[in-house]
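Protein chains: 4
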Amino acid sequence: MAGSSIGECFRVMTFGESHGPAIGCIVDGCPPGLPLTVEDIQQDLDRRRPGQSRHTTQRQEADQVEILSGVFEGETTGTPIGLLIRNVDQRSQDYTKIRDRFRPGHADYTYLMKYGRRDYRGGGRSSARETATRVAAGAIARKYLRHRLGVEIQAWLAQMGPIAAQHFDGDEIQRNPFFCPDASAAARMADYLDALRKAGDSIGARVDARVRHMPVGLGEPVFDRLEADVAKALMSINAVKAVALGDGFAVVEQKGSEHGDGMRPQGFLSNHAGGVLGGISSGQDLRVSVAIKPTSSIRIPRPSIDVHGQPVEVSTTGRHDPCVGIRAVPIVEAMLALVLMDHVLRQRAQNAEVQAPIPPIPAG
Amino acid sequence: MAGSSIGECFRVMTFGESHGPAIGCIVDGCPPGLPLTVEDIQQDLDRRRPGQSRHTTQRQEADQVEILSGVFEGETTGTPIGLLIRNVDQRSQDYTKIRDRFRPGHADYTYLMKYGRRDYRGGGRSSARETATRVAAGAIARKYLRHRLGVEIQAWLAQMGPIAAQHFDGDEIQRNPFFCPDASAAARMADYLDALRKAGDSIGARVDARVRHMPVGLGEPVFDRLEADVAKALMSINAVKAVALGDGFAVVEQKGSEHGDGMRPQGFLSNHAGGVLGGISSGQDLRVSVAIKPTSSIRIPRPSIDVHGQPVEVSTTGRHDPCVGIRAVPIVEAMLALVLMDHVLRQRAQNAEVQAPIPPIPAG
Amino acid sequence: MAGSSIGECFRVMTFGESHGPAIGCIVDGCPPGLPLTVEDIQQDLDRRRPGQSRHTTQRQEADQVEILSGVFEGETTGTPIGLLIRNVDQRSQDYTKIRDRFRPGHADYTYLMKYGRRDYRGGGRSSARETATRVAAGAIARKYLRHRLGVEIQAWLAQMGPIAAQHFDGDEIQRNPFFCPDASAAARMADYLDALRKAGDSIGARVDARVRHMPVGLGEPVFDRLEADVAKALMSINAVKAVALGDGFAVVEQKGSEHGDGMRPQGFLSNHAGGVLGGISSGQDLRVSVAIKPTSSIRIPRPSIDVHGQPVEVSTTGRHDPCVGIRAVPIVEAMLALVLMDHVLRQRAQNAEVQAPIPPIPAG
Amino acid sequence: MAGSSIGECFRVMTFGESHGPAIGCIVDGCPPGLPLTVEDIQQDLDRRRPGQSRHTTQRQEADQVEILSGVFEGETTGTPIGLLIRNVDQRSQDYTKIRDRFRPGHADYTYLMKYGRRDYRGGGRSSARETATRVAAGAIARKYLRHRLGVEIQAWLAQMGPIAAQHFDGDEIQRNPFFCPDASAAARMADYLDALRKAGDSIGARVDARVRHMPVGLGEPVFDRLEADVAKALMSINAVKAVALGDGFAVVEQKGSEHGDGMRPQGFLSNHAGGVLGGISSGQDLRVSVAIKPTSSIRIPRPSIDVHGQPVEVSTTGRHDPCVGIRAVPIVEAMLALVLMDHVLRQRAQNAEVQAPIPPIPAG
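Residue numbers (UniProt numbering), protein chains in the order written: chain A, 1 to 364; chain S, 1 to 364; chain F, 1 to 364; chain W, 1 to 364.
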């Protein structure tokens, strides 16, 4: 109700502020018997971790996760898994100058209006720091999905400002600091960001994702359609302003004869739908795309007001990501993992006995 | 869990198939004391009702709603409101020829794979007929929001295939059968649809919406952010493939200095954010946009398979909307009303005592 | 949130007042493929139906249920099941004299204080009439449990005022109007109630229940223990003031050496626990007991106040059950069915893959 | 869904096993602005803490709580509050001899059957150690209820085996190690327990509680009645086998003329109902009673089986409470606080605007 949990059967609740003692989460509903170690979680956390290249915030967080419960003799027990990450490198003093003023485009104003107070240190709860716990919980879901069902989730930076990836090389994604599948675009992104940092500005981005080896039958019409829960999960990530499935906004100009994916015994003939029909996964690849706004914490001065309602100019120094879209890549993967895992379990609850009359057709 | 309910404090659960005896819903959590009559609900239902122009399905449904509970002496009592709409004009025989085959782009395949059976008559539960109950429930939420808080929700058809509205005349929306704010675009849409119907094809659309006089402080970070719940609600509407807030996918190419909405004591200087900052409403207008795919039930033959896995060609006759985007307009409004109403009540639960240090600034 | 739904995987939401047009419910989450007819539901409703002997209220309600959705070709489809029961025999005029005053022990006062208004006709939403929808929904759960898992749920009137059943004859339960397993006690109950009715008074009762062929492993520690959800479901029935599992309050005086049920390969040696250990069903019979208070609507005048806060005497004429415990018997069975069904599905969600190292031991 | 959370508006999720690194919880939904320190929580934890007299387990746990988030400058911020308690004094080796066998009356058997494995060290998740997190979360709810609404919650040991408190002295409760309101009964309890410990046995107990200065209007009919949620919360405590409200099982033999609490402008004339009418609090004191079974971990040998299904005798040495009812007292208080807090917030969500026609009458 108060918004800190997601999922019904695989339910994650998170806590923690940017500059508090720690952040963490509880993962409730993980089936027993999954082999799970700190390393399984740590490797996903490390991909999101700040300070790994000059292109992201220089805050140095080890993001070392501790498993506090739910695992015994190397396997999950079916009881809740407590995860803890201590905060290490806070510089709260950086924030004293914005403590009384609102950064345009930031949650400063709305948190104060809603709660009557705000933890101004590093954005408090509204900080993207919170997403580390999503990645930690998502790593468990991902491992289950891959280990038990063969599901593969991959996201990448498809566009940063004016620079879009022109071709897709899956292996390249892990080779450059942008998670970009096009090495040449990645090189241009580096130059672009260097200039941007110098100018004290920030830039938007688009992250795309694909899930292969999707189970058929996930999604609970009519409100908990798979795409609806995917949209919610992705739109709940800081800075996301739009979510598209399959052809997304391009469907506005498509005809039915063009959009509907034909079927043949050997498989689907196309995938305009993006893997979901009528709210239920078809077994085709899930294809999603999200738009991520430019960071609101920039050095360029902006017109604003202070907490007394007086006009001020706001310029944010401190350590910030000039393009939050980069580190959003592992977060998008984590959120997809959480949603799919939840729907796998939900599907089992109601349809464990179901036998469809034909086997699923190939993803095509 | 099984997907037929939405909302936490203002919770709606729906039931009903296209060709069953009736559809309906229960609205639980409406505060007591709201004046409510059948007419309040009926007028919204009438806007969604099929068969009102040659441009929508010719199925003739009176969509006459009955209030079964929760209202006493003309006002809501705080107890659940039961709503019932009898189905009248089913022609189930129209569907016998697709009973054994899957329409490309339709839920036929996924329902069968998930449930091991499907009610093929008119799409059963996957039919857009189900959305009438959303409009009915939404009408109650809308009335509350308008009556008690002055909130005004308006959606319109912003684009149909290649034809986009070029200017915005709010009064025009109710004057043409397309809910289009541009009379000249509406005229071109009529010609376009006539040709399309003749060709047996269908077309996608974009519906935009704006909510004025938004309360400040709605939305529950981090997962139940206002935009996340809006995205889920809109993506749960049949045929919606993408949802955008504020500038949507355009943010990908925006800089922070351009995107962040400046503030002044006299109000916000722009609204790129679309009314939500950090997951919480800012008091600015909520601006959303959804992409709606072309109907999958078309007359043009498409390659498919039947329930035995054999290749077939599928051509759908019967009565269908060539552009489901048209009738989606009141549904988008209803879903926005349901989400906002839920968050108004959720906000009260936790923050009833909060006094923000300054009054909200104007929407700007 | 607003209290009209129960269950997570098998979720039921109800609506309806005593003197409104209809009562009903939606059952969401029933697995597809269960054969289901109106008769399956009607036979349970008929057991709860008023006016079947001189010992219950003389209101004549046919309680004819209509299935509005979720069933196709005689089987459930996996989509929500809408159930409707029209109210027939209301005599709202009977209630005009209590419209301005509070019956001691009744919900009149608390509904008015909570909602600022109340539907005084027949108790409105607080009427036991609402429980008919529980019995209807419960009938579906019961059929599934019996049909698929062999689970047998049986409740009976164990005591009415000073008269307790002295022995247990399962067949006798359906033979007398009290659902009492002891024919001789039932005869004495008839005389007792005749005298009570004449005196214009009412009496409390105890209903006991037993579930045989319980699945092992139901219940979700730590908060959704099976006994916790059973306690909630039973305590949510009108007039229930206490719930006991197994030996109940007798455990207060038991030693550990006496209470703990010994185990042998051939089965459990006793059942003090009542079928639940550590919040999870053991496979032994579930044994529960509930205390039901005497009806607050009695003819004997009682001191009270009116809605202006002035002292009055209240005497309720109209048609009322002198012992609501009698008709509570099928309601207790229905609530047990709803809880068990929900937990069967929840168990599947998380533990579908689990193989315990040994087979369950007999209930003993 | 998986059972580790409770509450809707004030939602608590817990994690942790008896012999894992730590236990803890997240409290989501606490309104902003409540002054909160570690001491507020610690003092309630200290009352539940083991090893404080010879009458409870000799495990030495500091139970030192750490607040990880949600508090800023001494007040709650409205964001989730993370609480952590490190486990200190585990002697896991004590458990090797019961690792392969089931203690009669214990969760050993059911956990293994449900999850296919179990953390045998100290009972793992089924250990009463988990309740420390309930007390920690409950302390926050209690402080809010007392601080903002004047609500006072008090529980006590009303009976231990054959020894029942004969009179009630509220101040005495904190003076003896049994939380018993009768000093003379407490003295007899001490002797009784000494003998019991020598015999290697355990004993049941009854805990009673009373809540004064109850708000009127808490509870959400029809399923989330206040007494239903209270019953669930109390029945979710380890070892609780029965829950009663008001006169409890005594109502079975009461007449309506005797049970219904009369009303006068100056207040209620009695409180048989225990503070709830029709599922909604009346403003009278909430009166509840729970039965707590004797500990299943006893030294006296009992017949059982091992994990291979073979017959064995089980005798538990290690450190155990001979009467878990003693330390249940602060847990009962905590669970009542959690339920009431949740319902206070739920009441605000839906009924914030309600004005009842008369002021509440005194509790009487």
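Careful, some of the hints might be misleading.
A pair counts as met if it fits within one copy or between any two copies, since identical chains are not told apart.
Listed next, the in silico EDC-like pairs over lysine to aspartate or glutamate satisfying Cα-Cα at most 16 angstroms (straight line) [as the list claims (entries may be wrong)]:
| # | residue 1 | residue 2 |
| --- | --- | --- |
| 1 | 198 | 46 |
| 2 | 97 | 313 |
| 3 | 97 | 306 |
| 4 | 198 | 40 |
| 5 | 97 | 66 |
| 6 | 198 | 61 |
| 7 | 255 | 194 |
| 8 | 255 | 73 |
| 9 | 97 | 353 |
These are computed hints drawn from the structure, not numbers from a lab.
Now for the hints, and whether the structure bears them out:
Taking the shortest Cα distances, residue 198 and residue 46 never come within 16 angstroms of each other, neither inside one copy (27 angstroms) nor across copies (55 angstroms). In the homo-oligomer, the alpha carbons of residue 97 and residue 313 lie at most 16 angstroms apart inside one protomer (11 angstroms), although the nearest pairing across protomers, at 68 angstroms, exceeds that limit. Taking identical chains as interchangeable, the C-alpha atoms of residue 97 and residue 306 lie at most 16 angstroms apart only when both belong to the same chain, with a minimum of 11 angstroms there against 61 angstroms between chains. When the C-alpha separation of residue 198 and residue 40 is checked against a cutoff of 16 angstroms, the pair qualifies neither within a copy, at 37 angstroms, nor between copies, at 49 angstroms.
Neither within a single protomer nor between protomers do residue 97 and residue 66 lie at most 16 angstroms apart by alpha-carbon distance, with minima of 34 angstroms and 29 angstroms respectively. For a Cα distance limit of 16 angstroms, the shortest separation of residue 198 from residue 61 qualifies neither inside one copy, at 24 angstroms, nor across copies, at 55 angstroms. Proximity of residue 255 and residue 194 under a CA criterion of 16 angstroms is satisfied inter-copy only: 14 angstroms between copies versus 43 angstroms inside one chain copy. For the identical chains of this complex, residue 255 and residue 73 are neighbours neither inside a copy (56 angstroms) nor across copies (35 angstroms), given an alpha-carbon limit of 16 angstroms.
With identical chains, the CA atoms of residue 97 and residue 353 are never at most 16 angstroms apart, being 61 angstroms at best within one copy and 28 angstroms at best between copies.
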